Amino acid sequence: MLKFVLASRNRKKIRELETFLSAISSDIQILSLDDIGYTDEIVEDGATFAENSLIKARVPASLGYIGVADDSGLEVDALGGAPGVYSARWSGEGATDEKNNAKLLDELRDVPADKRTARFKTVVTCAFPDGEYFQCDGVCEGTILTVPDGDGGFGYDPLFWSTELGRSFGAASADEKNQVSHRARAMRRLAELLPQYLDKQSAR
-5 MLKFVLASRN
5 RKKIRELETF
15 LSAISSDIQI
25 LSLDDIGYTD
35 EIVEDGATFA
45 ENSLIKARVP
55 ASLGYIGVAD
65 DSGLEVDALG
75 GAPGVYSARW
85 SGEGATDEKN
95 NAKLLDELRD
105 VPADKRTARF
115 KTVVTCAFPD
125 GEYFQCDGVC
135 EGTILTVPDG
145 DGGFGYDPLF
155 WSTELGRSFG
165 AASADEKNQV
175 SHRARAMRRL
185 AELLPQYLDK
195 QSAR
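Anchor point for the sequence shown: position 163 equals 157 in our numbering, and the numbering is continuous, going up by one each time.
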């Protein structure tokens, strides 16, 4: 059985990623950092989503597992692409989803609706114990609302209006979100590419 470790402690994110990995094969066991007893904080000091995603995925890979990690963020055009790689900690020390959302609304308080365009971006990395890895990215376009809508999802979801869904990520069901989200797109691509990488690994 192949053991994948999702390099995250965010339970909602883990469940989201599990949906895609478990669909690849029934011969896959999906673990979290907590499941393998890894308690250290991973320092995400990369300058891009790709760099941070790789940093995280290499942690379980260095312990003999297949590591999977994503680094995602919100890019708001009116803010020059911020918060970007700092999305999770944008409101400073002790940042929470609520504080980050409040900061976003404050930063955009004078920005009209037609200038509130934004996108979620993600890079998912799959890293192997021998050092090989591959990455997949995903993008989802939308706009930022003036008030939160819905209490589903996590992060900036209640403020992100998906152009494709015609509703906020906070009000969308998990199935709806998995149709169009940035992470879903990247994970679907990972699911497409993973078999060939597993074949290469088994041939070594």
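No wet-lab data here; the hints were simulated from the structure.
Please read these numbers as outputs of a predicted model, since none were measured by experiment.
Among the clues, some could well be false.
Unchecked claim - Label-pair ranges, simulated between beta-carbon atoms:
1) Thr42 x Ala72: 19 to 27 angstroms
2) Asp39 x Glu126: 28 to 36 angstroms
3) Ala107 x Gly31: 17 to 25 angstroms
4) Arg103 x Arg5: 27 to 35 angstroms
5) Lys6 x Gln195: 49 to 57 angstroms
6) Lys6 x Ala41: 22 to 30 angstroms
Think of the CB as a built atom: it goes at the ideal place given N, C-alpha and C, for glycine as much as any other residue.
Right, here's what the structure says about each hint:
Between Thr42 and Ala72 the beta carbons are some 21 angstroms apart, a value that agrees with the proposed interval 19 to 27 angstroms. Evaluation of the 28 to 36 angstroms hint for Asp39 and Glu126 yields a failure: the beta carbon distance comes to about 23 angstroms. Roughly 48 angstroms separates the CB atoms of Ala107 and Gly31, a value that falls outside the hinted 17 to 25 angstroms. The hinted window of 27 to 35 angstroms between Arg103 and Arg5 holds, with their beta carbons roughly 32 angstroms apart.
Evaluation of the 49 to 57 angstroms hint for Lys6 and Gln195 yields a failure: the beta carbon distance comes to about 30 angstroms. For the pair Lys6 and Ala41, the supplied restraint of 22 to 30 angstroms holds, since their beta-carbon distance comes to about 26 angstroms.
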